[in-house]
Amino acid sequence: MKKKAIQYVFATALSLAFVAVVLSMLDGKQTGSGPQRAIDNEPIPASSAEQMNLSRRVGQPRKSFSPDLLIRLEDLPAGEFRNDVGKLPDDLREEVLKMLAEDRCLLSDIDSLRVDRGGALYYVCSFIPRDGAPMEEAALSKESGLLGFSAAQGALVSVSTPIRLHSRPGSDNILFLDFDGHVVENTRWNNSRGVDRWDCLPYDKDGDSTTFNALELAFITQIWERVSEDFAPFEVDVTTEQPVEWTPTTGHALITPGLDANGTNCPHASAGGVAYVNVFGKTSYSYDSGNAYSPAWCKDYHEANAAEVISHELGHNFSLKHDKWSDGAVTNGYYGGHVNGGIKWGPIMGTGYGDDVSQWSKGEYLHAFESDQDDLLQVSTRAGYRPDDAGDANGSAALLGVAADGAVSHGGVIEETDDPDVYVFSTGAGDITIQAKTYRASTRTWGGNLDLLLELYNSSGDLIASSNDPLEMDASISQYVPAGEYFLHVKPTGAGNPLVDPPTGYTSYASLGQYWLTGLVSADADGDGLPNQWELQYFGSYTNALPSGDLDGDGADNLTEFIAGTVPNDAGSVFKATAYSANHTSGTPFTIDWNTMPGRLYTVSRSSSLQYDPFAPFPDAVDLPYTRNSYTDSVSHAEARIFYRVEVKTAE
Numbered sequence: 001m002k003k004k005a006i007q008y009v010f011a012t013a014l015s016l017a018f019v020a021v022v023l024s025m026l027d028g029k030q031t032g033s034g035p036q037r038a039i040d041n042e043p044i045p046a047s048s049a050e051q052m053n054l055s056r057r058v059g060q061p062r063k064s065f066s067p068d069l070l071i072r073l074e075d076l077p078a079g080e081f082r083n084d085v086g087k088l089p090d091d092l093r094e095e096v097l098k099m100l101a102e103d104r105c106l107l108s109d110i111d112s113l114r115v116d117r118g119g120a121l122y123y124v125c126s127f128i129p130r131d132g133a134p135m136e137e138a139a140l141s142k143e144s145g146l147l148g149f150s151a152a153q154g155a156l157v158s159v160s161t162p163i164r165l166h167s168r169p170g171s172d173n174i175l176f177l178d179f180d181g182h183v184v185e186n187t188r189w190n191n192s193r194g195v196d197r198w199d200c201l202p203y204d205k206d207g208d209s210t211t212f213n214a215l216e217l218a219f220i221t222q223i224w225e226r227v228s229e230d231f232a233p234f235e236v237d238v239t240t241e242q243p244v245e246w247t248p249t250t251g252h253a254l255i256t257p258g259l260d261a262n263g264t265n266c267p268h269a270s271a272g273g274v275a276y277v278n279v280f281g282k283t284s285y286s287y288d289s290g291n292a293y294s295p296a297w298c299k300d301y302h303e304a305n306a307a308e309v310i311s312h313e314l315g316h317n318f319s320l321k322h323d324k325w326s327d328g329a330v331t332n333g334y335y336g337g338h339v340n341g342g343i344k345w346g347p348i349m350g351t352g353y354g355d356d357v358s359q360w361s362k363g364e365y366l367h368a369f370e371s372d373q374d375d376l377l378q379v380s381t382r383a384g385y386r387p388d389d390a391g392d393a394n395g396s397a398a399l400l401g402v403a404a405d406g407a408v409s410h411g412g413v414i415e416e417t418d419d420p421d422v423y424v425f426s427t428g429a430g431d432i433t434i435q436a437k438t439y440r441a442s443t444r445t446w447g448g449n450l451d452l453l454l455e456l457y458n459s460s461g462d463l464i465a466s467s468n469d470p471l472e473m474d475a476s477i478s479q480y481v482p483a484g485e486y487f488l489h490v491k492p493t494g495a496g497n498p499l500v501d502p503p504t505g506y507t508s509y510a511s512l513g514q515y516w517l518t519g520l521v522s523a524d525a526d527g528d529g530l531p532n533q534w535e536l537q538y539f540g541s542y543t544n545a546l547p548s549g550d551l552d553g554d555g556a557d558n559l560t561e562f563i564a565g566t567v568p569n570d571a572g573s574v575f576k577a578t579a580y581s582a583n584h585t586s587g588t589p590f591t592i593d594w595n596t597m598p599g600r601l602y603t604v605s606r607s608s609s610l611q612y613d614p615f616a617p618f619p620d621a622v623d624l625p626y627t628r629n630s631y632t633d634s635v636s637h638a639e640a641r642i643f644y645r646v647e648v649k650t651a652e
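If you're matching positions, the sequence shown starts at 1 in UniProt numbering and goes up one per residue.
Derived by calculation from the structure, the hints in this document are not laboratory data. Treat the hints loosely; a few may be bogus.
What the hints assert, rightly or not - Listed next, with one range per pair, are the computed distances between beta-carbon atoms:
(1) Gly395 with Glu416: 43 to 51 Å
(2) Gln479 with Glu652: 18 to 26 Å
(3) Val635 with Asp208: 30 to 38 Å
(4) Glu416 with Lys576: 22 to 30 Å
(5) Asp462 with Thr433: 43 to 51 Å
(6) Lys576 with Ser634: 19 to 27 Å
(7) Lys576 with Lys205: 51 to 59 Å
(8) Asp623 with Lys576: 33 to 41 Å
(9) Gly430 with Ser209: 54 to 62 Å
Just so you know, even glycine gets a beta-carbon here, dropped at the ideal spot from N, CA and C.
All chains should be modelled from the sequences, with the hints used to inform the complete structure.
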């Protein structure tokens, strides 16, 4: 069942907070002070000003604001924010007020806004769950997961050599999760606050900030897994390794306590996270650019909550604003999600604390308030989607990964809602089973974003089986099928209906992320010794190749080509010795090299006579893996000649 009985622990006075900073679109303007003056525009009628209801505090009624109205300084609620806006130079103040008037999503977050001396707006928002109960993190799950958390396992690792993890190595867009501490200086954070530097501490859960123990490494790994899942659809590399070069497309999430090593408050000292908005890709986003809009500050919570904060704050870097909730009588600046008998769901840009599934959103939930910003569009516009894994129709299907014994093993990513992945495979008559697994964290909340629908079609295009459990994100098909060619469609789907009262589940909008296909099909439908997928790959059908055929005329028949792992329609692809050296009679060791292929094992044998002396394998050269393509016989032999043989077989 999808909904597991997870015990959550609540503290009596915990309020998790976010802080996010909104770039004022004045990238490069100087800070300073100047005389206060209201924007020189026609004043807003009193009745309209009342409707604006700019003081939108959590728990108070909230009314929508027309983007056609203009805002004056005096229209802002009295307090620190209005005072700081009033201290800005005239041009910066006008730009800030204009931005508030033009962006209703931003304006609806006004209770949380502050402004720095350079005209950059930032949020200071405390998260309070909708039911009014402050939330503590859930206890560790008793079930063993992928990571198998245990404080006793493994050795200590110095913070100077942290674990190096990458979700998409080589991408030009990097999201660096910084767990080992950092000296922050010469950034906008420093310049706007008059702080020369922060000596930020590493992620630390055992009181020793010089090392990471096994449990801390497990936390770091799971945080990285969860954030990687959130950004899996996009062309980004989520990594724990500091980049060699900082660029305008290098994000920097600094996971650190609120106080630095000298006891100085960091910008997020009283909040969960701090981040500028809409800076990804700008020259000034590069961390070493001087006066940089980086890093994004993230409080050092445990794995699930830390991951939610990091994705949320990096989302702000990509221009995303908050997902809110209002029923007309009560308003919450962070939508905490819903469950109502189904899957507990919440938006990343609200708060996903305690939600089994947290996803990007465009306000597709009941009572969404000024939350229709399209998160996927904003991130993909700046970073792009990652390349598609497979075609989206039978005619462009990718070959399903099936081993010679019929075992299915294939990984992929659903990048876009309307782009399913389609795979083709052949099987003999009999039962087939295919499971589609999505990412599931080993402790606390689930952490995955993708809910799957599996569909199985025959070669005529008829749907013969499907799977979509409303209480489970995974899917599986077990079906008896005749021998033939089949197409497996892996599709994103939603669950429940988040727009009814009470809301349940989520739409398919952001049901995106990683999946793994496993299972078993008949490996050789026509019984000719050649696996279905191999024949399908090279001959277009599982019945088109004869074991004794030699399509490329290289002297090796199709069965030999399959066993060797060579290409049956390429005469240049042959299994052979690629080099050998020395003569054994000279006393120099004899070395032989050969070409290898994945999934194959190799054995090296010797004989002194092809007629009278059977080949005997070297004891240390039996079933060598494909990563070993050379063997040296260092023994001196008395025979006049020695023959060497390299044999290959499939690993299954």
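Evaluation of the provided hints:
1. As the Cβ distance of Gly395 to Glu416 is approximately 19 Å, the hint placing it in 43 to 51 Å is violated.
2. A hinted range of 18 to 26 Å holds for the C-beta pair Gln479 and Glu652, which are about 24 Å apart.
3. Hint check: Val635 to Asp208, Cβ distance near 53 Å, so the stated range 30 to 38 Å is violated.
4. Look at Glu416 against Lys576: about 45 Å separates their beta carbons, and that is not inside 22 to 30 Å.
5. A C-beta distance of roughly 20 Å is found between Asp462 and Thr433, which places it outside the suggested range of 43 to 51 Å.
6. Checked against the given bound of 19 to 27 Å, the beta carbons of Lys576 and Ser634, roughly 23 Å apart, stay inside it.
7. Between Lys576 and Lys205 the CB atoms are about 56 Å apart, so this pair conforms to the stated range of 51 to 59 Å.
8. Remark: the range hint 33 to 41 Å for Asp623 to Lys576 is contradicted by a beta-carbon distance near 20 Å.
9. Distance hint check for Gly430 and Ser209: the Cβ-Cβ separation is about 59 Å, which falls inside the suggested range of 54 to 62 Å.
When each numbered hint is compared with the structure, violations occur for hints 1, 3, 4, 5, 8.
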